[in-house]
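Same order as they appear, the protein sequences are chains A and B. Taking this note's numbering, I'd label the letters of the first sequence as residues 1 to 804. Taking this note's numbering, I'd label the letters of the second sequence as residues 1001 to 1336.
The set of hints was computed from the structure by calculation and includes no laboratory data. Please note that a few of the clues may not be correct.
Stated by the list, open to error - With a straight-line cut-off of 20 Å between C-alpha atoms, the simulated EDC-like cross-links for lysine to aspartate or glutamate are:
1) A:K355 / B:D1160
2) A:K738 / A:E716
3) A:K507 / B:D1126
4) A:K358 / B:E1145
Said to hold, decoys possible - Output of the computed footprint for chain B on chain A, the stretches with three or more beta carbons under 8 Å from beta carbons of chain B:
5) 351 to 357
6) 508 to 519
What the hints assert, rightly or not - Simulated coverage check for chain A against chain B, where a stretch passes if three residues somewhere in it have a Cβ under 8 Å from a Cβ of chain B:
7) 385 to 396
8) 422 to 435
9) 461 to 472
All C-beta atoms, glycine included, are put in the ideal place defined by N, C-alpha and C.
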Amino acid sequence: MKVSLNWLSDYVKLTAPADDIANLITLAGLEVEDVVQIGSDLKGVVVGEVLTRVQHPNADRLSVCSVNIGTGEPVQIVCGAPNVAAGQKVLVATVGTTLPVSLPDGSPLVIKKSKIRGEVSEGMICAEDELGLGTDHSGILVLKTDKPNGTPISDVRKLDTDHVMDVSITPNRPDATCHLGIARDLSAVLNEHLNKPFGATEPVFSPLSENHIKIDILNPDKCHRYIGLLIRGVKVGPSPDWMKNRLTAIGLRSINNIVDATNYVMHELGQPLHAFDYDQIGGKHIIVKDESKDVSFTTLDGQERTIPAGSLFICDGNKPVALAGIMGGLNSEISDNTTSVLLECAYFEPTGIRKTAKSIGLQSDSSYRFERGIDPNITAHAVQRCAEIILKVSEGAEIIGAKDVHPIITEPLSIALRLAFVNRTLGTALRFNQIVSILKGLEFDVDKLADETLMVTVPTFRPDITREIDLVEEVARIYNYNEIPNPGKIQFSRPYPLPFRETALSKIRDAAVQLGFRETYGNSLLPEQAASHFAAADELIHALNPISRDTTTMRPLLAPGFLKAAAFNFNRGAKSVRFFEIGNIFRKAEKGTWVPGVHEDTHLLLGIGGLSRESNWSQSEKGFQLIEMKGLVNGFFDALGVTHLVQTEIAADSIIYRIGKSELGTLRIPSPEILKAFDVSQHVGYAELSLGVLIPAMETQARITYVPIPKYPSIEYDISLIVGTAVASGDIEAHIRKQAGKTLRSISVFDVYEGKNLPEGKKSLGYRMVFRDDNRTLTIRDVDAIITNVVNTLGKTFEATLRS
Amino acid sequence: MYSDIDALRAEIQAAALETADDLETYRLRFLIRKSPIADLFSAMGRLPAEERANAGKLLNELRDLAQQRYDEAKAVIGSGTIVTRKATDDLTLPPAMQPLGSLHPITLTLEEIKQVFFRLGFSVADGPELEDDFHNFTALNFPPEHPARDMQDTFFIRKDHENPENDLLLRTHTSPTQIRHMLSRKPPIRAIMPGRVYRNEAVNYKSYFLFHQVEALYVDKHVTFAELKETLVMLAEMVFNRKVKYRMRPSFFPFTEPSLEMDIWWDAPGSEGRWMEILGAGMVHPNVLKAAGIDPEEYSGFALGMGVERIAKQRYGIDDIRLFYENDIRFLEQFR
């Protein structure tokens, strides 16, 4: 909200510079985001006296003047104005002055010492428009002044400067949506008197007869008070400059004197008002009521809108004429021919206004205030104030009277405030009278209830204050948070242990980094199309109000994010990617994880793609192979100490990992269709694991128990087998492990070969086995016996023969 | 015999042994079975018996010398300090790059913030990103149809018209985890709630529809606003690792009262200094304690929250929040 410093000064004495005032407002809880000066202070423009004037030797239209600007030596100034003459008192922009006019390139005009057609010129004798003081450019401004030469312009002319602050209003402060409200905070902080533009008691209006206007409120719960004030003899026309300037300063467009007056009062007192053309009110009857069905209504911005059932309207005898608290109707707006005005000043209940405004997506300055909760007891003051202003800006206007319907009266709230509670909450040692002074400064009524307790009456413009704690904040914010002493130390109760999940997540991240993966952060919201590749349609979760079609659907897996990141980088010339991500995934499920019907789990994705090795003088380029991904996943399990818990189910180009009965995840190559859909130009593969399964498994392994280093030597034994190409190495390995028994400590594949020297349909696999017994030294004879058995049974099971 | 020994000794000492070829020539001359030294050993039998011991000693020394020079030269030549190196032995060549893993700048920042909290005795609590209205709004003292809800534009997942507290939505802050944590244990409570949150806001360089927060909650007997202030100052100094110039301004959050926002003075070299908001905080609202089953007359508490992206942007001088979610390697690799 924009606030004018000049306007604030109407209500509270402000002497400090604008930036300091802005700071005070900020520290009282209304953050000033920006301060802009309007109008130039014309620093550098001074009174001067033209001592001599001669014709410029090289230009017919120019004069060369000698001007006394109070600096001792007169300066020479070249002037183009026809009216310049010796003896004149003029305004001189001295060298270095910035004038409030723009050069053709948009930059401000800065006066420099220069030569004009060969004659030195040190300054500029100014015309009215060049100073922003008017529009006259017919000649220089000649002063009738006896002020000495060198006097700053601000001492001879009243300059229209102002500072406009952009104040961020928190939703709890409806009182601060106007100049008076902000002035009130300042008056409390500065301990200055608040000059309100209305008196202490409600104005009394001459009553209007039923012939003038009838007002009925059919929904008093939604409209607590409605005053209609009739003014006759109105002349609609432009507003005077003082009102225009104030409204334009805070970013409003001046419309006409009547509408401007209502806006002026809204920004002064926070009470929205509406001016009807009285002659357009059918039946001279105002009915405030909600409609039980949708209504088509044209608001005064010219838009025809469908207003949902239950919205509150102001109707005349025939039709709706305004959408209550939000916007007037086109059918009753003030026109140039209006001569009688019915001013509406009402209190509308916030919830209903907000509902309607939200549902039609229309927030006006009026609805903004009503939905926060305006002062229910300023109605009469505000309408009186507005009428007075209209009388001032429309000569001949006359107040006929007002009708005041007030079905619900709001009494101020009283709250007990304990001194001890204030100090216990804040950690301060405030005294009784400090608190009383602060609260009184904010117009709270304060009575002493007991020794250490106050009874505080909350003004009705502060609907946010409902509890003792709210009063504590009022005291603290006016006292200034920064003045509350910092104790310099803190105390806390005995900490409880970190959950295992936290430790596990660190280990998981560390393991991924150790394996050379870069962490990525993907989007949790995907285009539905992208998500649909990774879950069934009935598992996908969509936002009801997405911001775009690219972010409609919750990610059912991390995989789409990996593919997107891979494509992004390949398309920018990356040769390889090696990414990991930890993040939450979402799917519909019978039983929810946290909330009903939603399976939400944290996943880990490890993905690689493109080249697994770039070419270099020492090595040739190597493309991505899925087996590397398998190695990385195995390395990952090793790093976390869970290898022995993981079972695998291996298919042609995927591996399913399980822990116990739970599926831990899968490793896979995406299908060509998916690669195409994600615009991934290189081969990629990834493993996606559920941390909801992995972390509990890690927890069972969390304790590391030392195992003694083997005392006895181990024996290494290699065999090469020839088997059919269809035989899976994993099956042979499993067989060997089973047959060899527990002295076999490890098995690895040192050779895989097919081709020359082998029969068609055969391949050769070389296994290296390490045997060890923890209780004695194994002999080669022991191992020979095992090998013989292994080879025999391999022969029977896989038709494997030893390669000679 | 003695003159032969002297001549051979001189020859051995003078032999040039600079290349592998030199070494081989030398070996063939002195160290094979039929070398002149071996011949002299054979000839020893012809010497008078009293001479043999002395000659034998000299011959042994000669043989050892020959071997020693050979070994020394071989060691030098073999070490490559003399032989011409192969092209690939050039250490000025660039080696192949090692794949390096890295953490995302948000993780780096978040982990540092967490470490600070852990030093200050906070534990950590977890909750869902897809929340219900009760935990995200109602229990946090956001009345239905209150403009405070406009402060946090919300993605809705499911509307429950019968009971709006069951509306499903993407959490707009990590505060619902505070409610869950308070409901799960008795005070004293001292924990942080890090995580991803969502706001239905247009994307530009300053704002994204998802970001990360860390909130902290302390509920105990006699927790004061002054202690909150002190905690915030400690936190800021530990996160930025220096003394900071700060100010605290009153603000509004439905779930705290009094509420504040903390700014720190930021003057990057070469640019004008300015106040930069780093966190919001306040004393936990009595309504929130009540909703979480804690008696506000007996206990008080404070809560605070900060945006991780905001801190990360500041730490690394990142001017566009969208970079965090593009996952461009040229961005990610800068964070080591």
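What hints, given by number in increasing order, does this structure fail?
-> The structure breaks only hint 7.
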